[in-house]
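These are the residues of each chain, in order.
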Amino acid sequence: MAKISCGGRATREINAEIRRAIAAGERDIVVEDPGARHNLGVAVLEPVRLRFAGSVGYYCAGLIDGPRIEIDESAGWGLAESMMNGEVIVRGSAGNGAAAAIRGGTVVIHGDAAARLGVSMKGGTVLVAGNCGYMAGFMGQKGRMVVCGDAGDAFADSLYETTCFVGGQIQGLGTDAVVEEPSQEDAAWLDATLAQYLPGARRGQDFKKVVAGKKLWNFDKREWKVWQEAL
Amino acid sequence: MKDVMQTSGTFQPAVIEDIQAKAASGLYRIRGWGTLRERRWATFDDLTFLPCSLTRIPLEGYREKCSTKTVLGKRFARKPIELEIPVMITGMSWGALSYNAKVALARGARTAGSSNTTGDGGMLMAERENSRTLIYEVLPSRYGINIHHMRMADAIELTIGQGAKPGTGGLLLGSKISDVIAKQRDLPVGVDQRSPARHPDFLGPDDMIIKVEELREATDGQVPIFIKMGASRVFDDVKLAAKAGADVIVVDGMEGGTGASPAILQEHTGVPTLAAVCEARAALEDIGLYGEVQLIIAGGIRDGVDAAKAIALGADAVYIGTAALIALNCNRPLYVEDYEQLGTEPHHCHHCHTGRCPVGITTQDPELMKRLDVDEGAERVANLLRAMTLEIQMLARACGKSDIHHLEPEDMAALSMEASAICGIPLAGTRKVFGR
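Protein chains in written order, with this note's numbering: chain A, 105 to 335; chain B, 10 to 445.
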């Protein structure tokens, strides 16, 4: 296992050392004392395990494809943005726009997620053990979002085909968001996924499912009110 | 005796048609192309060049060397892009445009020694393969975002907005969300795609500083980072983009084109390209970064004259979009019956939004697309880029410049008081800069 110390070093230098370690064949790397620096672990494209022993700033694990990135404490904005594949595990909480525009892979947040969780998701899965802030799931295109706690206002607004699950209360649904009963397949998927990443979470059948009502997909003058009130 | 026909100055025929169309649909009007308004604002046509006579010595117009080499991204990038000419192809999405159009633009730009840009739908591999210099756009929608494609690019363009509709996201109607485009964008087939206006992971200029740095990390600091904006509060926006660490700033004026947009945004938002270039230059001068941060101007650039004037006013290069599509046969009198089916005719068509482009450019219909031959289209695009470059050189030589980038505001006079005031150039026939 390789250890990289961040003390007193710039992000560019730290990321370069991560890349050198990967190029040298290291598959298990610990970055010590990240000090909430921004842009750590960006664009890692190899199937390595990369652990940040502390908190990270904005865009950690952004634009990755394949690694497992673990963050011992919390993460700033844009966690794992546009990730294509891999796993990102945050032991603490995450700031705005976590898992924004991800195309694949799994993001797990053991604490809470702030506003705009999973906006413009294009695939993949995001799991939050705690609560999420407002506008989570906005314009979600594909993939699954699971919030075990409560969801903030304007939840799942303007969805395309992302499927959202909420275990707790939803402060307010977004425009065109529709609550459905989870199917047996949904509950089975939730049970299996949560058992893998967040053991101890509530059972799949206890979640509410939120999907698109599809009224915003194509304009229909009979649905004018929906369009007027769209965010 | 028949009465003299009178037309309302307020409710002209086009206004009547607009009201009745909205009364039927309940929706704002949507169309492509860009502003259709008669240009009553100051434009590049309000300027004229002042060639050499006795006060300055011209270069031989057809012979002497006049460099057109254009280098962009000198501020921070390890590998600035070097183009043979200062006319580049702007971002237009695969989705708004057909596959053939995207490939023809790439190949044409490559032939002419220039660049082309992806668009709001990600990169088409054939586009990369046919490009000399490819600029990869990162847009608010992040459709097709792919780190592997980003790393193949020669520059990254972080797009905040576009001139045809600053402040509003892209629009692609369901008729163009074919199976293949839906897959590329991760959207349901046939949905009317209304793209977000805000990036999903940053909101303001302070966050954008970190975002720009992320893009540098993702590309190992090798390639230039462009920031593109629709022309709005240009003076302030350009300074914020420069502060965010842009190597190159792209300002897209209100005459800029679009594949589809609410018509009112095309007609009533943003500031004209002439004003935009002047404000952008002033902004960079104000913070001491003029020359260090390169400036690309876009929005209704038609020919080498517009390009030369933009360069003289402070641009390092120009983007063309609509002009390049016209080179591909947009609005050419071919398949006239298909124009008529759209309710229009050649030279008047702005029906890009329908997906029924008679000449195969703004369509996803395989049969219509066949009407655009990639090789022929690429040659016409290259020819246009080369002709525009020769026009720029012609004007530069006449002004005594051995490098087109040496053109300067002093090489021009204003033909209207508005242009004089906007550009800070004396009105022809006077020594007076109006408004100063």
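Keep in mind that the hints were calculated from the coordinates and are not lab data.
Note that CB positions come from ideal geometry on N, CA and C, so glycine has one too.
Be aware that one or more of the hints could be misleading.
As the list claims (entries may be wrong) - Covered, in the sense of this in silico footprint (three residues per stretch, anywhere, with C-beta under 8 Å from a C-beta of chain B), are these stretches of chain A:
no., region
1, 107-114
2, 175-185
3, 221-228
4, 266-280
5, 297-309
(message) Three residues or more, CB to CB closer than 8 Å: is that satisfied between the region 297-309 of chain A and chain B?
(response) violated (count 0)
(request) Take the region 266-280 of chain A, compare each residue's beta carbon with every beta carbon of chain B, and decide whether three or more fall closer than 8 Å. (result) violated (count 0)
(request) Confirm or reject the coverage of the region 221-228 of chain A by chain B under the rule of 3 or more residues with a beta carbon closer than 8 Å to the chain's beta carbons. (result) holds (count 4)
(request) Examine the region 107-114 of chain A: at least three residues should have C-beta closer than 8 Å to a C-beta of chain B. (result) This one is violated; 0 residues, fewer than the three required, reach chain B with a Cβ under 8 Å.
(request) Go check the region 175-185 of chain A versus chain B for me, would you? Three or more residues, Cβ under 8 Å, otherwise it fails. (result) With 3 residues close enough to chain B, the hint holds.
In the structure shown, a violation is registered for the earlier hints numbered 1, 4, 5, in ascending order.
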